[in-house]
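There are 4 protein chains.
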Amino acid sequence: MLIRTTLLTTALTAIAVLSPSSLFAQSWQPPSDAQRCPSKWGAADQRGSGNHMKPETVLRATRLIRTGEVFELGRVLRTDMPFSSGRRFEMETKRTNMNAGSNRRGSNEEIVFTELGQVGTQFDGFTHQTIGDSMYNCVKVADVATRGGFTRLGVEHVGSLMTRGVLIDVAALKGVPMLADMYPISVDDLQQALQRQKLTLQPGDAVIVNTGWGRLWDTDGPRYLKTNPGLSTAAAEWLAKQDPMLIGSDNGPIGVTPDPDPNLSLPLHQIALVVNGIHLLENLKLDELAGKQVYEFALIVQPLKIQGGTGSTVAPIAVR
Amino acid sequence: MLIRTTLLTTALTAIAVLSPSSLFAQSWQPPSDAQRCPSKWGAADQRGSGNHMKPETVLRATRLIRTGEVFELGRVLRTDMPFSSGRRFEMETKRTNMNAGSNRRGSNEEIVFTELGQVGTQFDGFTHQTIGDSMYNCVKVADVATRGGFTRLGVEHVGSLMTRGVLIDVAALKGVPMLADMYPISVDDLQQALQRQKLTLQPGDAVIVNTGWGRLWDTDGPRYLKTNPGLSTAAAEWLAKQDPMLIGSDNGPIGVTPDPDPNLSLPLHQIALVVNGIHLLENLKLDELAGKQVYEFALIVQPLKIQGGTGSTVAPIAVR
Amino acid sequence: MLIRTTLLTTALTAIAVLSPSSLFAQSWQPPSDAQRCPSKWGAADQRGSGNHMKPETVLRATRLIRTGEVFELGRVLRTDMPFSSGRRFEMETKRTNMNAGSNRRGSNEEIVFTELGQVGTQFDGFTHQTIGDSMYNCVKVADVATRGGFTRLGVEHVGSLMTRGVLIDVAALKGVPMLADMYPISVDDLQQALQRQKLTLQPGDAVIVNTGWGRLWDTDGPRYLKTNPGLSTAAAEWLAKQDPMLIGSDNGPIGVTPDPDPNLSLPLHQIALVVNGIHLLENLKLDELAGKQVYEFALIVQPLKIQGGTGSTVAPIAVR
Amino acid sequence: MLIRTTLLTTALTAIAVLSPSSLFAQSWQPPSDAQRCPSKWGAADQRGSGNHMKPETVLRATRLIRTGEVFELGRVLRTDMPFSSGRRFEMETKRTNMNAGSNRRGSNEEIVFTELGQVGTQFDGFTHQTIGDSMYNCVKVADVATRGGFTRLGVEHVGSLMTRGVLIDVAALKGVPMLADMYPISVDDLQQALQRQKLTLQPGDAVIVNTGWGRLWDTDGPRYLKTNPGLSTAAAEWLAKQDPMLIGSDNGPIGVTPDPDPNLSLPLHQIALVVNGIHLLENLKLDELAGKQVYEFALIVQPLKIQGGTGSTVAPIAVR
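Going line by line, the protein sequences match chains A, U, F and V. By my numbering, the letter at position 297 of the first sequence is numbered 297, and the numbering carries on one by one without gaps. By my numbering, the letter at position 217 of the second sequence is numbered 217, and the numbering carries on one by one without gaps. By my numbering, the letter at position 118 of the third sequence is numbered 118, and the numbering carries on one by one without gaps. By my numbering, the letter at position 208 of the fourth sequence is numbered 208, and the numbering carries on one by one without gaps.
Be aware that a few hints might be false.
To be verified - Pulled from the structure, derived: some chain F residues nowhere near chain A, Cβ distances all over 10 Å:
#1 S32
#2 D33
#3 G68
#4 N97
#5 R104
#6 D143
#7 P177
#8 S186
#9 G221
As the list claims (entries may be wrong) - Quick list of in silico lysine-lysine cross-link-like pairs, DSSO-like style, CA-CA up to 30 Å:
#10 K54(F) / K226(V)
#11 K140(V) / K54(V)
#12 K54(U) / K198(A)
#13 K226(U) / K226(V)
#14 K226(A) / K226(F)
To be clear, the hints were calculated from the coordinates, so they are not data collected in a lab. If you're wondering where the values come from, they're calculated on a predicted model, not measured in any experiment. Yeah, the Cβ is synthetic: ideal placement off N, Cα and C, and Gly gets one too.
Excised from the complex, chain A in its bound form (with noise of 0.2 Å):
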């Protein structure tokens, strides 16, 4: 609330000084290349995030395993799945072959058709967003992107994370199953709902973001993609102030959708994949992890290495 009141505040300020056309483009803009090149993780950096995978930090994520229970955040690859605009995920079986021997052994498999890196359950690599023509680190699309893939920041470089988990549940922190549509989650929010669920963040976290809007992912696709709840801009800077691993949720964007500013188009995809270097995992399956106030756990997610890819389809797990 506070927040918006001093958007308010800040947007009134603006009023009076600014054609209305700038007024919530001014709200947030992506910092030029100087501002934030190199990245704290070195100018050669791919990595990002990724680079808090330590034995210290594995090991912090074991001491949480106490019970053994795991808890499956991936969603399911379904052909009728919610899909962003222009991806689909096609899949057709090879029939039976059948090969030469006396042991009649069969085989089958299946060709799929899909954007890979960027269906499903999803970890971001940092060649999926760009300011303009440049990402993370300041490498230049057009220095690095061939026909196959990009030969820098390909997610084939990040390997497999397993740190300790953090569910926010800001859904749960509101009273409700699932937040409003559109709804901006704050820092406030954020801070409140770590408050009433005793836990602080440390670098390093996987900081997962319940919003209650993954139970629309099998019963209303097209509302589910439609817009969604999720964190405002002035949130996302909190929290990548928090040195987190990665951040996900259980929507598409993480960000709200659409931005409240409409001049603004996903501004946390720059700020987290771009500015910050710090790595994203959406359509997650955050139910049963709500549902049993699992708030602190192992996480675990083995994005494929595919060679210069932009992310992964990804079956990540929590355990505690």
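Starting from the known structure of chain A, fit chains U, F and V onto it as the hints suggest.
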């Protein structure tokens, strides 16, 4: 040569004590449906050895994590990696899509055309293999195959696996970097290697066999594919009796290829997947694990939840 | 209306002697293999009605070219055109590849993922349809199907076709721009339309039936696909007896859909492709031809030579 | 040898009269946008040489049809045919779908993954090639390229072509079944061959050049692709001045490959498609036409109407 001589001796010994008919073609025959069904996991089971995944299994694996070291066992997915006949991994970059908005956000994706369940480092599900028309638990292909996958036994039923992993380093036992082409690993080899490593197998383990063959993956794909050392039929059956969660290796077929019996086509695949319901993990990258003599560890693998899929390309890890 | 009354009378008569369940099923039954094989073109034939392509056929068509006017009968291949269930035309631009050289030559291509034999304006070959497991000339699917097409009866055997085309404008006969949904075109309709147009059919003709339904292609795809007016079973059989080179129309199934007999699934496809070996030409754009009353012309169609293919998307023309 | 000697003589003669700098790299330079735009067909034109398609053109072709003989000029589309770098034709049979109904109708289709505009016997449209960022009529790639094709100059604007075809048999002129690797066909060669055949070119012709190279298509794909005899830059420019509807040949690039000038990458493609707006027809099967000395005929080609496409695989015919 030594190896070949040993093989010959073994064969000659076998001839002395066995009826000739059991020497080759009769050395292994697929069991009848009646002999093998229902599976020990129940007639309706779709998960096979994946049923070993229980909290205690996870805790047992967790207790093996002491240093936090992570070993990546997955291969990079490249368009020019070694493929089994008729498979491919084709990838095309989708050129940057610039979104409307003052923040100049561009998006990149890739389109991939591939046998998603059966390329690269891969996890085999039960619809991948048959004995005639019959799969694990005697599910008939004709009853469950659709153009877009299988209505039963799909890989989405397995879930992520985390269990104790044991590397059986047969190459190290033999004192070679790589076993010879078509060397059939015997039960004795496995037992001696375990004894050398001072380890015993437990039900639910992920049993990983190092042949050294994996060093050809990046250097000589055609040779990697043409033949390979691997488990003999007897070794496969012995391993199956140890009741593992999965069997993996640093080659594609896991079994020796071609089979010494020219009438048999890859019987290990049937023994594991069809007869015993044991998952396979193929084309593993084991050099680091073997090099550092990491023989016991937590093995974690997250198959993509491809609905009705025959398996999944994966990026598993070993953690100690 | 007359037709419906006749049908009703027949039905009532049938009800008197048959059990209800067999009422319609008796209206058309696929002939047995013995009744229909070998085909009149010989037991080894793979080309069916394509055998009508002889020099004299071409000359007959050529003599119809008097003004040099060309009518394009093919639809534009769009990713959002109407598709039969489970088909698609996915296309991705491959971004410009700049070649080395002082002449700064750039190349663009596109990658397409589609049912190439069965999308858009399409030419049906004989492997597209079966009666049970049996195709044209009683070739069995199991004997000739591979994962990459069919070893017999593939569309590559047909070749380009150039023959006299006759447009039978049933919509014009009825004085409507478009026949009603599910209107079954009768033998009488065809004969009256031909009489009105003062034309008779000859063996080897390309017989094109205008229903007007094609006007929905660009304006109402869902309706275009849901049902359509088209040839009745009797009309299909009558046309087959006229011994044409192909039968075409401005809808997908050419036969009325659904069939008035709820037990029958698209019998025209079997009558033409399986029983009589007559090719089909679907989703034609006939508005210009009908609008200008071009009823006789040279029809030219060039199916792609897809090895083992079931058909081909095409861009045929009529020339007069 | 004779050929090479002639080439050397020509080169030496050239050296005598030309400054060395103009010998190679300066032997051809792409014209500037100002020099070549707008095209002679108008600044808004998207059809280039396809504009020759007029009733009189069709009638002229029709008058050449005297015997009704048809020659198939298209190659069979095979997964293992010769491909330019990075292209492929992948095909998977979709297993028989049995429809409900008493008539036991089964359907087969195939899924294809391919560069549909640029494989097999192919027709090149104008978006296939650039000089820098500029295409035919100085349309800029950046202005019209989308992820799913081009918004201008797509091959769907061309339409089917039917015109007088002239085979210029350079191999026959030289008395060889196949011209030598990298033999550059000169203007003299073309003129002498035409004189030998007692034919002259007319505006709007389809000019087809026989090199004999096509006999390698089925027998030695790697050699077929590695180099090829073909039109020299001078011959390409001379042919362009004859104002044809298209230029075709029995190799992929039509121009000699590699170009004698090592600084040039396939200049013929720019001369034809970008500078002059003349379509190309590649990988033709010309053996029958050449064998029977069919030098004048009706050429008919029906490019698929791929929306925004760079070209189309085709199955053209010659009819006489």
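Here is how each hint holds up against the structure:
1. No Cβ of chain A approaches the Cβ of S32(F) within 10 Å, the least distance being about 26 Å, so the stated non-interface status holds.
2. Distance to chain A confirms D33(F) as a non-interface residue, since its nearest Cβ pair spans about 23 Å, more than 10 Å.
3. Every C-beta of chain A lies more than 10 Å from that of G68(F), the closest at about 43 Å, which supports listing it as non-interface.
4. Its closest Cβ contact with chain A, about 6 Å, brings N97(F) to no more than 10 Å, contrary to its assignment away from the interface.
5. Under the 10 Å C-beta cut-off, the non-interface status given to R104(F) relative to chain A holds; the minimum distance is some 15 Å.
6. Here D143(F) stays apart from chain A, with its beta-carbon at least about 13 Å from theirs, past the 10 Å limit.
7. Residue-level check passed: P177(F) sits 34 Å from the nearest beta carbon of chain A, beyond 10 Å.
8. At roughly 39 Å from the closest C-beta of chain A, the C-beta of S186(F) stays outside 10 Å, upholding its exclusion from the interface.
9. The non-interface label for G221(F) is consistent with chain A: the shortest C-beta to C-beta separation is roughly 18 Å, beyond 10 Å.
10. For the given pair, K54(F) sits about 38 Å from K226(V) by alpha-carbon distance, which is inconsistent with the 30 Å threshold.
11. Restraint check for K140(V) and K54(V): satisfied, since their Cα atoms lie roughly 29 Å apart, inside the 30 Å limit.
12. Only pairs whose Cα atoms come within 30 Å are accepted, and K54(U) paired with K198(A) is accepted, the gap being roughly 29 Å.
13. With a CA separation close to 27 Å, the supplied pair K226(U) and K226(V) stays within the 30 Å bound.
14. A hinted pair counts as satisfied when its Cα atoms are at most 30 Å apart, and K226(A) with K226(F) qualifies at roughly 27 Å.
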